[in-house]
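Residues per chain are reported as follows:
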Amino acid sequence: MIATESLSKRFPRVTALDRLSLDIGPGVTGLVGANGAGKSTMIKILLGLSPATEGSAQVLGLDVRTHGPEIRERVGYMPEHDCLPPDVSATEFVVHMARMSGLPATAARERTADTLRHVGLYEERYRPIGGYSTGMKQRVKLAQALVHDPKLVLLDEPTNGLDPVGRDEMLGLIRRVWTDFGISVLVTSHLLGELERTCDHVVVIDGGRLLRSSSTSDFTRTTTTLAVEVTDSDAHPDGAASLRAALAAAGVTIHAGVEDGLPGAGHVLLLEAPGEETYDLVRDTVAGLGLGLVRMEQRRHHIAEVFKATDQEEVPAR
Amino acid sequence: MSSQAPETTQIHNIGYRSYDGPRLGRAYARRALFSQSLRGAYGLGRSAKSKVLPMLLFAVMCAPALIIVAISVYTKADKLFMEYTQYAVYLQLVIAVFLASQAPQSVSRDLRFRTVPLYFSRPIERVDYVLAKYGAMASALFVLTATPLVIMWIGSMLAKMDFAEQAKLFGQGLVSVAVLSVLFAGVGLVMAALTPRRGFGVAAVIAVLTISYGAVTTLQGISYTTENTGSIIWLGLFSPLTLVIGLQNAFLGAPASFPGEMQVGAGTGAVYLLVVLGLVAACYGILMRRYRKVGL
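In the order they appear, the protein sequences are chains V and A.
For the first sequence, this note's numbering assigns the number 13 to the initial residue and increments by one for each residue that follows.
For the second sequence, this note's numbering assigns the number 156 to the initial residue and increments by one for each residue that follows.
Looking at chain V on its own, in the form it has when it is part of the complex (with noise of 0.2 Å):
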């Protein structure tokens, strides 16, 4: 879908992008940086809006350079910002929008109402935009981008301003465009948690370099640590610790830290679980103790502690 081979961008006094190197396939992208990480640029560089300082980009098997106008046919853009003109109804906003994407009138108003029913619009796309609730907003922003269904759509920040139930339904309905459209997304934000359950693939860019590329599942793949909860009883007033000790005594290795700020922390126990066995030994040891086992879980990585453990290796090197 996009691939970019040593892109640069320099402004007079910043480098937005240097050298970067991707290779995004169809699916999910979250390109993920902090503010001036470069996100705004790449996408501009993508849409062939601004020349690349040095190297090249490829969307769609298009050269950025030579081919904007193509790229831009069979590519949607959702802006980060406002966009939208408050006097003028969804529909004939989306309507315009399509026939702005070279799609004939009577197949642009068949694609509005479509596209609109899609993100989840109904009588509300007759009134003006003016009055619509900022989830409605963002919603109309989103079927611009895909009312004439592109092969690849860019989101910039799609979930700014959202409460929490919005944040959650249009990051659904961003899924449903790779599931159920079959579009491919690339969708830039700055909060890992929502890209870790949207996303396929997760580029982290910092400072306009690559910072690392991957799968989403490799970046929460499950660790060997197992999360263990338990009750307290009158013969183990600290339940917790009273495990620790014996697990201790046969031979499980324990993890010092605890999950600092859930309820019940103090309450669980970190272990390294390497095969089966350690499971069957904690049930044996937690029943023989006479404690109530709460939970037993695997651990998963989070992509924020990768980014992390990210940071603190680049640290030095700068």
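Because the hints were derived from the structure by calculation, they are not lab data.
Keep in mind that the hints are not guaranteed to be accurate.
Stated by the list, open to error - The calculated DSSO-like cross-link candidates involving lysine-lysine, where the alpha carbons are at most 30 Å apart (straight line), are:
#1 A:Lys323 with A:Lys234
#2 V:Lys149 with V:Lys163
#3 V:Lys149 with A:Lys448
#4 A:Lys231 with A:Lys323
#5 V:Lys163 with A:Lys204
#6 A:Lys315 with A:Lys231
#7 A:Lys315 with A:Lys206
#8 V:Lys149 with A:Lys206
#9 V:Lys149 with A:Lys204
For clarity, every value in this text was computed on a predicted model and none was experimentally measured.
Starting from the structure of chain V, add chain A where the hints point.
Quick look at chain A alone, frame taken from chain V:
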């Protein structure tokens, strides 16, 4: 098997349908933007409220033409009692108000609500956007200024005036309002594009058009009374409307209407033409520059 057919009808969710139809590309998108902007100048495709002013101004613009025709036909005159080329000059305020209200509507909205980046994320380029908006505004002004001339010409035919002569005068009038439309549209759009706030845009357009015309005619009057007649013609270069007046006086058979009936000759007429072309080119250049900044 027919006995098993369900009695009730069902609505199936047909899911997402992809689009395999034609994609008409950049030239089509430019035409679509042109027609949307042209219709928008008359409030078509916009709310009922936004139709009121342009339609009212259009009616005001046409009413005198109807009166002229009615009187000419009634009195069986052998020519219309107003020249085609003078019509727009007399009704310049109506044209100014139309331009001041519609130019900001056409460009300031896109800037203010930041819709411009959406246009540039589509096949059209900056030059297409500027050409479509400029063409639409000039066409809207041409419709406004040429329609009364058409009414007058039809009237002259009804009054059985000399066909050849009327056709020639009518043609000259059309060329004159075409020049006026292109020139005024450029000035209006530049003013509007430099001010994302619509109210400032309206004020700026009216100010530039009326103040420059007022200043030029005042100075021309002073030159005339101080018998410094040589400067009258050159002063005419400094406002859009006097440029059109001088140009049509030189080339389009319009009577001399500067103070003292100073006649603009072919030589100075050429200067007028160059200034008009230069102004139009400058407006186009400024618009192109303006949109280089806002692309995404």
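Right, here's what the structure says about each hint:
1. A:Lys323 with A:Lys234: holds (13 Å)
2. V:Lys149 with V:Lys163: Roughly 23 Å separates the two Cα atoms, so the pair holds.
3. V:Lys149 with A:Lys448: Cα-Cα ~25 Å, so holds.
4. A:Lys231 with A:Lys323: This hinted pair holds, its Cα atoms lying about 20 Å apart.
5. V:Lys163 with A:Lys204: The hint is violated at about 39 Å.
6. A:Lys315 with A:Lys231: holds (9 Å)
7. A:Lys315 with A:Lys206: violated (36 Å)
8. V:Lys149 with A:Lys206: holds (26 Å)
9. V:Lys149 with A:Lys204: holds (23 Å)
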